[in-house]
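There are 2 protein chains.
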Amino acid sequence: MTKKIIVMIPARLGSKRIPKKNLRYLGEKPLIQYPIELALHVPEFDSVWVNTESEELGKAIQTMGAQFHKRPPELATDQATNREFTYEFMCKHDCDYVVMINSTSPLLRMETVQKFANYVVENDYDTVLSVVSEKEETFYQGKALNFSLENKVNSQTLEPVQKIVWALTAWRREHFMKLEQAGQCPVFAGELGLFEIPKDESCDLDTEEDWNIAEGRITAAGIRTEARYLKL
Amino acid sequence: MTKKIIVMIPARLGSKRIPKKNLRYLGEKPLIQYPIELALHVPEFDSVWVNTESEELGKAIQTMGAQFHKRPPELATDQATNREFTYEFMCKHDCDYVVMINSTSPLLRMETVQKFANYVVENDYDTVLSVVSEKEETFYQGKALNFSLENKVNSQTLEPVQKIVWALTAWRREHFMKLEQAGQCPVFAGELGLFEIPKDESCDLDTEEDWNIAEGRITAAGIRTEARYLKL
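So the sequences go chain by chain: S and E.
The first sequence begins at 1 in the numbering used here and counts up by one.
The second sequence begins at 1 in the numbering used here and counts up by one.
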């Protein structure tokens, strides 16, 4: 049985720390265009929606090939949660899974998004979270978590620590809606799949500094200059 | 009583994945020049040594203001450990603390290195490790570590997870040597201080891709272009 998977890209026009972030050019194109282009290239995705309160942004993203889901104004405030606007989106769109792609993950590669889609199709999870896995000596609450203070070992042999990055998330619609209606939190619920994304595809875009770093990384990815060396 | 603190910058000429990494230009200058310049600017540091097996590299770093500690060839192999060459270095240089600065941390800011020096001077730790602290929902061994699956909260309210980054490390010489001589591992030993460095100052330089990212970040830090926006 084929799973119907639709993509939701949340995009408020009024972002706080970086104003109008989604419209801002990062390298060659506006931020919002990155997840749209990625999503449109994956055959497993039935449709690609941008979830925004803004009519103007809604028009712009349609020229990029996405569809416009108009978010009600009361769910576009700073207080409204991801959970709330995702539920409202699900109420309007029938499907098996909603895949959320964050516009703040412009470094995602096509290959990774395709693998994520395959992972959702081939497994039967209620929730799939994207994580970055790191093998580094880690402390938690002042205690060594995945290593021993008695002995230094090669970090490649350490047990990994995985953090959620919210670049890609999938929820089984029926399960999410049932929990939400029962007053339970559906965000991490049910059978959980953890999908690893390469570390260099994750980034933050909360501050001007983050933006600058991402811009540098996107620029650097395009220009591979010849290595130069100090002569001895 | 003043603490005598000396800096050791480990730098093999024969690096594997990125050949002759320390001589390679990252932006405006060779990689090895970054930690040397940082260390020379901190008044609390008594002297700055590059620990390398290479006579040629030893000459080059002296033109940059550092001193040359010649590492014995048997400690310059892939099998030799950080612990071994640090012990050998300590045997030759009297001091209270050795601060190790890795050349693979070119994004460190002067201010951070100065704060680290103050932290070593003002406290009385046997070992000071640099860590990056992150407030992200984290899994360890398949279980939620610092959050509840029952409830999604603002990630700023999560308990942080701290990973060692090896950008800056300090060891009390006497303590380190005593443990090493007793056959115990001195790397994480004794009273441990965890010094937080800003996330954007840590980086990896293990692969060409890492190098590309760091180059992009260094370039981006210098050029702050005006924000451009998609017109609606």
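No wet-lab data here; the hints were simulated from the structure.
Incorrect hints may have been included.
Think about it this way: if two alpha-carbon atoms lie no more than 30 Å apart in a straight line, the pair counts; the simulated DSS-like pairs of lysine-lysine are [as the list claims (entries may be wrong)]:
hint, chain 1, residue 1, chain 2, residue 2
1, E, Lys152, S, Lys178
2, E, Lys152, S, Lys152
3, E, Lys115, S, Lys199
4, E, Lys3, S, Lys199
5, S, Lys3, E, Lys143
6, E, Lys115, S, Lys29
We went through each hint and held it up to the structure:
1. For the hint pairing E:Lys152 with S:Lys178, the CA-to-CA distance comes to about 17 Å; that is within 30 Å, so the pair holds.
2. For the suggested pair E:Lys152 and S:Lys152, the alpha carbons sit about 36 Å apart, so the restraint of at most 30 Å is broken.
3. A C-alpha spacing of about 28 Å is found between E:Lys115 and S:Lys199, which places the hinted pair at or below 30 Å, so the restraint holds.
4. At most 30 Å may separate the alpha-carbon atoms for a hinted pair to count; E:Lys3 and S:Lys199 exceed this at roughly 39 Å.
5. A threshold of 30 Å between alpha carbons decides the hint, and for S:Lys3 with E:Lys143 the separation of about 28 Å falls inside it, so the pair holds.
6. For the hint linking E:Lys115 to S:Lys29, the alpha-carbon distance of about 39 Å lies beyond 30 Å, and the restraint is violated.
Checked against the numbered hints above, the structure breaks hints 2, 4 and 6 and satisfies the rest.
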